[in-house]
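Which chain is which? The protein sequence lines are V and F, in order.
Quick note, the first sequence lines up with residues 824 to 1466 if you use my numbering.
Quick note, the second sequence lines up with residues 824 to 1466 if you use my numbering.
There could be a bad hint or two in this list.
The list treats identical chains as one, so a pair stands whether inside a single copy or across any two.
To be verified - Below 35 Å or equal to it, Euclidean Cα-Cα: the simulated DSBU-like pairs (lysine-lysine) are:
| hint | residue 1 | residue 2 |
| --- | --- | --- |
| 1 | 1445 | 856 |
| 2 | 952 | 1024 |
| 3 | 1254 | 1226 |
| 4 | 1329 | 856 |
| 5 | 1137 | 1313 |
| 6 | 1437 | 842 |
| 7 | 1153 | 1329 |
| 8 | 1116 | 1038 |
| 9 | 1425 | 1087 |
| 10 | 1445 | 1325 |
| 11 | 1233 | 1160 |
| 12 | 1048 | 1226 |
| 13 | 897 | 1362 |
| 14 | 1254 | 1437 |
| 15 | 1230 | 1003 |
| 16 | 1362 | 1141 |
| 17 | 1365 | 1219 |
| 18 | 913 | 1316 |
| 19 | 860 | 1230 |
| 20 | 1363 | 1425 |
| 21 | 1226 | 952 |
| 22 | 1142 | 1442 |
| 23 | 1038 | 860 |
| 24 | 1302 | 913 |
| 25 | 1038 | 880 |
| 26 | 1370 | 1442 |
| 27 | 1058 | 1048 |
| 28 | 1362 | 929 |
| 29 | 1445 | 1254 |
I should point out that these hints are in silico values taken from the structure, not numbers from a laboratory.
Protein chains: 2
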Amino acid sequence: MALKNKERNLYLSNVAVEKALNIFLERINKNLKNHEKEFISVIDSLGRVSASAVFAKYSSPNYNASAMDGIAVKASTTFFASERNPIQLKINKDFIYVDTGEPIKKPYDAVIMIEDVVEIDEERVEIIKAASPWQHIRPIGEDIVANEMIIPSNHIIRPVDIGALLSGGIYELKVYKKPKVGIIPTGTEIIEPGEKMEDGKIIESNSRVFEGLVKELGGEPNRYKPVPDDYYLLKSTILKAIDENHIVIINAGSSAGTKDYTKKLVDELGEVLVHGIATKPGKPTILGVINEKAVIGIPGYPVSAYFVFDTFVKPLIKKYQGQYMDDSNKVQAVLSKRIVSSLKHKEFVRIKLGRVDEQLIATPLSRGAGVSMSLVRADGVFVIPQNSEGVEAGEKIEVSLLKPLNKINKTIVSIGSHDLIMDLIGNLIHKQNAFYDLSSAHVGSLGGIMALRRREAHIAPIHLLDATTGEYNVSFVKKYLSNLDMALIKGVKRVQGIIIQKGNPKNIYDFEDLLKEEIVFVNRQRGAGTRILLDYELKKRKINPSKIIGYDREMTTHMAVAAAVASGSADAGVGVLSAAKAMDLEFIPIGEEEYDFLVPVKYLDKGMIQLFIKVIKSKEFKEILENMGGYGLEHTGEIIKVK
Amino acid sequence: MALKNKERNLYLSNVAVEKALNIFLERINKNLKNHEKEFISVIDSLGRVSASAVFAKYSSPNYNASAMDGIAVKASTTFFASERNPIQLKINKDFIYVDTGEPIKKPYDAVIMIEDVVEIDEERVEIIKAASPWQHIRPIGEDIVANEMIIPSNHIIRPVDIGALLSGGIYELKVYKKPKVGIIPTGTEIIEPGEKMEDGKIIESNSRVFEGLVKELGGEPNRYKPVPDDYYLLKSTILKAIDENHIVIINAGSSAGTKDYTKKLVDELGEVLVHGIATKPGKPTILGVINEKAVIGIPGYPVSAYFVFDTFVKPLIKKYQGQYMDDSNKVQAVLSKRIVSSLKHKEFVRIKLGRVDEQLIATPLSRGAGVSMSLVRADGVFVIPQNSEGVEAGEKIEVSLLKPLNKINKTIVSIGSHDLIMDLIGNLIHKQNAFYDLSSAHVGSLGGIMALRRREAHIAPIHLLDATTGEYNVSFVKKYLSNLDMALIKGVKRVQGIIIQKGNPKNIYDFEDLLKEEIVFVNRQRGAGTRILLDYELKKRKINPSKIIGYDREMTTHMAVAAAVASGSADAGVGVLSAAKAMDLEFIPIGEEEYDFLVPVKYLDKGMIQLFIKVIKSKEFKEILENMGGYGLEHTGEIIKVK
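Extracted from the complex, chain V is given alone in its bound form (with noise of 0.2 Å):
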């Protein structure tokens, strides 16, 4: 742990992204444009890439074929049938019973339907149409004609195409072999599912990531294990993966700390190429080769290392494959809040999209590059240019989509207060039907109203204390949504209060303790209704918040509140009883308030919202919500317009 700041190289440079993967792909062209190619079994070939064209080697059909279950017979004989003058054909002479698909031969030229065959004998039909020459006959090459190009080079095989394929004769073709990337995770503190958690360490998960990008993009990942920060065990890793793979990742240790050996190896061992990216998340890449073969140091940050990938793995892999990135699955979308940027990188935003009154909202999610949900939650993708110092709320934007517009477009958007039934809620949904979602941002109860008026979301969930009346949430909405046709779905009653530790350690009892000096609390975001309700009760009893250590520290749902006085980290906080009792923790009720559904009128028709109100009225829920204990659902689901 003695890092000092003379071992380390502080200087990353700040190469940008577009320039970094040219001077990339230019010095490994030649490990590109060598790549071997294979021949495989058409059989076997779904997902594979074509590495020439395909061409057919028999046509089909590969002789003229029935087209339909009937006779065969000369068009010439049949040309004077009709109603009145039905014409006899005698078997093996004038005709032959044929299946679909049994050849078509001279002297037969047509084909008539058993249907309108006559059966007089075992000798003779009757029939009373004539055949035109040709009729439900399928030529020769009706399908496919030999020589002729079933799929070009360059094309990602599918189910219809070997079909194709083998109805054209090929039985094997020539494919792209799959690129092998060789995946290293690296680092003293991780460690692998299963071994024992403790403080300092983290589970190793980048390196699953990847395995399934490189796996989704067609390559063969391989990934080795993990390598604790060890210059020779690193080094040795490294030249086994070089040797064993076509593209190399080592995942962190790429940034210029001390134990960070990344790019002294690569120095030693090959050639750094860039170190230090334009980019947020990302910065500390490092791209290089060794033995011609591409190495990307990767750095550890779960969305770093997904961003890193998505830029320079993933057209690396494509490229060995004869594919090129495809960067135009985009939308346009209305941002919904500010974003502030830096010139000096380009930064990639997590979006998540509604579609709200016909718009398209774009929410961006957390901005941290450890917050691997974000990557889970993320619609799409907003990238700010390198020049550009971000953009402002209500500007059109392109995203680049991760999941398809109809799910989006199927996306309950709720935006307002958190409770963890809102998780319960998105759960039952999708369960109900796969095809639906909720999605949930927490902004707290003001927030959601005011993300209502933006007609940025379809719900918000919300619980407001009007002092004056005692009465919940029904003044709040006529106060700020006054010009719109409101309605409150009746949510759940709930108990909120002081959380504590378990055996309450500092003694608190009451909101008069948060005064002492030994007691560290922590708070939630402004807007939200539990801080409403704090400064509530704190002014009840004339309490300076000011004087309370940790009311600055914002927590933005009542599991992370819950989550830091578990951990120690703070002696209270203020949230429900639900979030106490999943923590194991203790708690001091303060009182119940109900939390409730705001939504437009025009939207309670609409397939999600109904949906939603099943979902809140059904037994599953109810049975759920009181197995967790602290809430009342008396009037559940009951729907109260306000104005």
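Guided by the hints, dock chain F onto chain V, whose structure is given.
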């Protein structure tokens, strides 16, 4: 082959698709609901579907962690630091060194970046800026809070989900078992790849398409050895398949012929729910149930097979994994050609799409149930409902996409005359840049000019001889497109002639010989430049075309003509030398003609047309054509503006 009428059951029912699907799903609902789940390792869960919501076990980070390399301090000891008032801190008393990710424990509550620290000696550092409490510390649960939902039920697991699950301490999760789909190919006429090809035999390919589709949908295909049309063999295979799978597909034999045993067997072993569906293609479909398991009898034509799978098997495989059919990947397009349909059935029309002048143009592909290449070429599917008689040209239709729209937007739409080189150009374009594609429809030279006039194509290959001037193409462009700025990209000179069988067994030497009674001719479609050339030559010789047997039999490509001659179903046809050579046929030259590419001037600057020109001017293209023979390349790629 003795298939008499009385042995057949000619009458299938004609149940509407939606009704049939409802009957089917309702009947096997119990089996669907009891579908097994299993626990698997998160590491192996890519693409699997969660069978319940997954909640985090640990928080991530699970401790307060340094977000930077630097020093951990007590914020309160730094409050008065400034440039004028630097503060000195002592190691292990006021601060400790920390690396990114290391735990921050009491009494420390802030981190100062190493870049902002001045090291005085081994024990002391100086700072010139106050640290605010909790700065550069990732609080417990910043990413994931214990008990938070990471993914809901029925969620298809992506690489980023794997990362978040592991970070949340989840190493195993419950997923739906992959539904096993038994695939039984049947038919005495089918052969396996590698078996000897002969008339009446076809290569079994549908089961391989099903395998691919099942895999793509997350199921597990289980293909059985092809079963000949034998009642007992088929029976034992069905019983085995029912035992080993959740769903069983029997391919071909689902109609009502004497050798179509599927219906009889499903009836005997279980229950036939529906036989005969109001759909085109795909009418002779069987939906049944044996031992509460779904059995689907699918007709043999590849296109029927595809759509019946898509309509009845796909929703089933999805349901077994908690997923729903997603029909919303649709675009609006303008229909370029009238489509007539019958009120009797719902029809699936394969569609080629092209982005011309901002408009998406939909051109129907071959509607033959046997044309598997129409599935390879299709960009989408247009469904004509059962109660519709069809759609007029120019109407807006909804097309369900089979390819991403951005791929379609980068496709050169070529409509016009056919030549073998179109395949080659298409391949070279795709090889140069897998982003771009060439879609080539063959409607003859005049058809191509009309398509450009209607703005349905980017480019039209034409070879039209002006009999009065002897000049090619220009006068036709002036006549039909006088109001548009057009250019001709010079293509190739090519030799046209009469294609005859090897060794010339029928003694054909000139056009006059086509009149002989024993000679069967095969023609090109109306509007084809080759047919215009033929008519010109016939007229010159005062030959009455109606006296030529087979003059009315129309093929749309040179290769189809050559294939007809090669197979002996015709003795002669007119076409290009390269087609005769490709099929190893003999050839009587008529003359050389100019095969050019007509293009609106405004498209000349487009990237895709530039790439087209680059490709036809390339050395690789010239070498391929020189090897094929029959082409002149003096002016290839030159541009002539017409007007």
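ask   = Which of the stated hints cannot be reconciled with the structure, identified by number in ascending sequence?
value = 4, 5, 7, 9, 16, 17, 18, 20, 21, 24 and 26
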